[in-house]
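Q: So the chains spell out like this:
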Amino acid sequence: MKQVYLDHNATTPTDPEVVRAMAPYYTEIYGNASSVHMFGQKARRAVEAAREQVANFLGAKDSQEIVFTSGGTESDNLAIRGIAYALRSKGNHIITSSIEHHAVETTCKALEKEGFKVTYIPVDKEGIVDLEALKGAITDKTILISIMWANNEMGTIEPIEEIAKVAKGKGVLFHTDAVQAVGKIPVNVEKVGIDLLSLSAHKFYGPNGIGALYIRKGTKIQKQMFGGHHEKNRRAGTENVPGIIGLAKACELAGQRMNDYGKDMTELRDRLWEGIRKNVPHVKMSGHPKERVPNTVNVSFEYLEGESIILNLDMEGVAVSTGSACTSGSLEPSHVLTAMGIDAQTAQGSIRFSLGKDNTKEDIDYVVSVLPDIIKRLRGLSPLYKEQ
Amino acid sequence: MSESSFGEYSEQVMEHFRNPRNVGVIKDASGTGHVGNPQCGDIMELYIKVENDTIVDAKFKTFGCGAAIATSSMVTELVKGKTIEETLKISNRAVAEALGGLPPIKMHCSLLAEQALKSAINDYLKKSGKPEIAVPKDDHHHK
Ligand SMILES: Cc1ncc(COP(=O)(O)O)c(C=O)c1O
Ligand code: FES
Numbered sequence: 000m001k002q003v004y005l006d007h008n009a010t011t012p013t014d015p016e017v018v019r020a021m022a023p024y025y026t027e028i029y030g031n032a033s034s035v036h037m038f039g040q041k042a043r044r045a046v047e048a049a050r051e052q053v054a055n056f057l058g059a060k061d062s063q064e065i066v067f068t069s070g071g072t073e074s075d076n077l078a079i080r081g082i083a084y085a086l087r088s089k090g091n092h093i094i095t096s097s098i099e100h101h102a103v104e105t106t107c108k109a110l111e112k113e114g115f116k117v118t119y120i121p122v123d124k125e126g127i128v129d130l131e132a133l134k135g136a137i138t139d140k141t142i143l144i145s146i147m148w149a150n151n152e153m154g155t156i157e158p159i160e161e162i163a164k165v166a167k168g169k170g171v172l173f174h175t176d177a178v179q180a181v182g183k184i185p186v187n188v189e190k191v192g193i194d195l196l197s198l199s200a201h202k203f204y205g206p207n208g209i210g211a212l213y214i215r216k217g218t219k220i221q222k223q224m225f226g227g228h229h230e231k232n233r234r235a236g237t238e239n240v241p242g243i244i245g246l247a248k249a250c251e252l253a254g255q256r257m258n259d260y261g262k263d264m265t266e267l268r269d270r271l272w273e274g275i276r277k278n279v280p281h282v283k284m285s286g287h288p289k290e291r292v293p294n295t296v297n298v299s300f301e302y303l304e305g306e307s308i309i310l311n312l313d314m315e316g317v318a319v320s321t322g323s324a325c326t327s328g329s330l331e332p333s334h335v336l337t338a339m340g341i342d343a344q345t346a347q348g349s350i351r352f353s354l355g356k357d358n359t360k361e362d363i364d365y366v367v368s369v370l371p372d373i374i375k376r377l378r379g380l381s382p383l384y385k386e387q
Numbered sequence: 000m001s002e003s004s005f006g007e008y009s010e011q012v013m014e015h016f017r018n019p020r021n022v023g024v025i026k027d028a029s030g031t032g033h034v035g036n037p038q039c040g041d042i043m044e045l046y047i048k049v050e051n052d053t054i055v056d057a058k059f060k061t062f063g064c065g066a067a068i069a070t071s072s073m074v075t076e077l078v079k080g081k082t083i084e085e086t087l088k089i090s091n092r093a094v095a096e097a098l099g100g101l102p103p104i105k106m107h108c109s110l111l112a113e114q115a116l117k118s119a120i121n122d123y124l125k126k127s128g129k130p131e132i133a134v135p136k137d138d139h140h141h142k
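If you read the protein sequences in the order shown, they are chains A and B.
Take 0 as the starting number for the first sequence in numbering that gives the first Met the number 0 and just add one per residue.
Take 0 as the starting number for the second sequence in numbering that gives the first Met the number 0 and just add one per residue.
It should be emphasised that the hints constitute simulated quantities derived from the structure, not laboratory data.
Owing to the predicted nature of the structure, the values given are computational and were not obtained by experimental measurement.
Please note that the accuracy of each hint is not assured.
[To be verified] Across the chosen pairs, the derived CB separations fall in these ranges: (1) Gly-6/B <-> Pro-12/A: 11 to 21 Å; (2) Glu-76/B <-> His-101/A: 56 to 66 Å; (3) Glu-273/A <-> Gly-128/B: 54 to 64 Å; (4) Val-134/B <-> Thr-138/A: 20 to 30 Å.
[As the list claims (entries may be wrong)] Calculated Cβ distances over 10 Å to all of chain A for the following chain B residues: (5) Glu-50; (6) Gly-63; (7) Gly-80; (8) Lys-125.
We treat Cβ as the ideally placed atom computed from N, Cα and C, and that holds for glycine.
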């Protein structure tokens, strides 16, 4: 059976070149990067070269602004909790959006229980945060604004430059969860004026379990992982050397392919949406038509519930998801779609197609060829679908 | 946060999901059950045809997850040929067991089938001037 993977926002395959770059760091250069002997120092040099590469890729001025973590979730936790507790004496107010990934959302919810105040800025029906509401929410107690660069479910790209300007104008730190942006669109912390940025390697052809947090030089942060003095005392724990090497390689490759990636993904994604729109009645696209990462399209199939569509596509060898992978077992409609004002029933029938660099036109045409029958059959089961 | 559960569906659930039995409506149904809550994503319509106190036909339409569709399909199979009294003994657990079990977070989906069945029977009882029975409460737990 043909197999088509269209769930790259959940995770991507690790690029064979990345795996090749990592391999020696398991078997040959296996020293602990904190050890003083030669074994350790070889690993240390590799880690620092990798740090340099990641910093360059992000347009950071100084490689010491990069802290390696276990992934996007940890970077988000470190950024938000780390700033909240470092600046606690200055204020207790944090601003975020209503469409954040759980890694940010539940971190903020936890801080609320610990005595912080959090404002969740609403978004419009295309998923763009309300800049006026953001400006209006800032008080002299505000210590951090955390707004994602690109949304994982919809692909909507937030007006990150404007947000950074607003934050800077008010002297508030700005963190962005760029997990879904890095590797897909150009990301430059200096150009935009970002203070903290989270990224995760497995979303752009790097390995699982490694990520980074960019922390602008001079930003005070309270460490969240206690132990040794690793990462300039910002994150304890023996460095995941092969992972770090893999992350750096993934950055290098992403930088090289960025232009082609953007063009190819947009073309394939539009081919997919056109194919669906022409061949399946009662469909709607969610998210911003233009301000969107090139690989993502979110489609609502009316009168249907998402899980049954996923199961049927899975039987045809096609992997997609509803919203974020970690909520697809939940019973409630996605908080992102609900925040965008999409009604619960339409939200239930929403499917995220997220494409990757190895997908082909044939893959897309295959999906378009199997979808109409699946949707027709499922609508036959739906009590909501009365006409025809 | 709950993990995705459809990898945990039994063979029988997947089989009924793939080939649901008795999909549709019965135009001259003796009883109709319409239950559910679109807010949580599930609605079920169940139609029964009763002759001499025995269910001779049952059909359904369901808006819901894989488990909801499979339990709907199974319940229509279980009731056919049974008397009303026998049918009343069918609990959501019995439906789930007939399907080889359901993942814990999907147990509530089988309750939908039980509710639909009881409310279809009530509709029939009401139409034939007999006393109604209690319909189980909706205990959907949403996390
Ligand atoms: C926007 C966003 N933030 C954070 C994460 C978490 O990243 P990780 O899987 O590396 O912990 C994800 C991935 O699921 C994501 O899409
Ligand atoms: S029908 Fe609501 S989740 Fe199964």
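Q: Was Gly-63/B rightly flagged as not at the interface, with every chain A Cβ beyond 10 Å?
A: Not fine: 6 Å to the nearest Cβ puts Gly-63/B too close to chain A.
Q: Taking the Cβ atom of Glu-76/B and the Cβ atom of His-101/A, is their distance within the range 56 to 66 Å?
A: violated (39 Å)
Q: Minimum C-beta separation from Glu-50/B to chain A exceeding 10 Å: can you confirm that?
A: Holds: least Cβ distance 25 Å, greater than 10 Å.
Q: Measuring from beta carbon to beta carbon, are Gly-6/B and Pro-12/A in 11 to 21 Å?
A: holds (19 Å)
Q: Decide, holds or violated, for the assertion that all CB atoms of chain A are farther than 10 Å from the CB of Gly-80/B.
A: The claim stands: Gly-80/B keeps its Cβ more than 10 Å from every Cβ of chain A (closest is about 23 Å).
Q: Taking the CB of Glu-273/A and the CB of Gly-128/B, does the distance hold inside 54 to 64 Å?
A: Given range 54 to 64 Å: holds, Cβ gap about 58 Å.
Q: Compute the least Cβ-Cβ separation between Lys-125/B and chain A, then decide whether it is above 10 Å.
A: holds (21 Å)
Q: Indicate whether the distance between the beta carbons of Val-134/B and Thr-138/A respects the range 20 to 30 Å.
A: violated (51 Å)
In the structure shown, a violation is registered for the earlier hints numbered 2, 4, 6, in ascending order.
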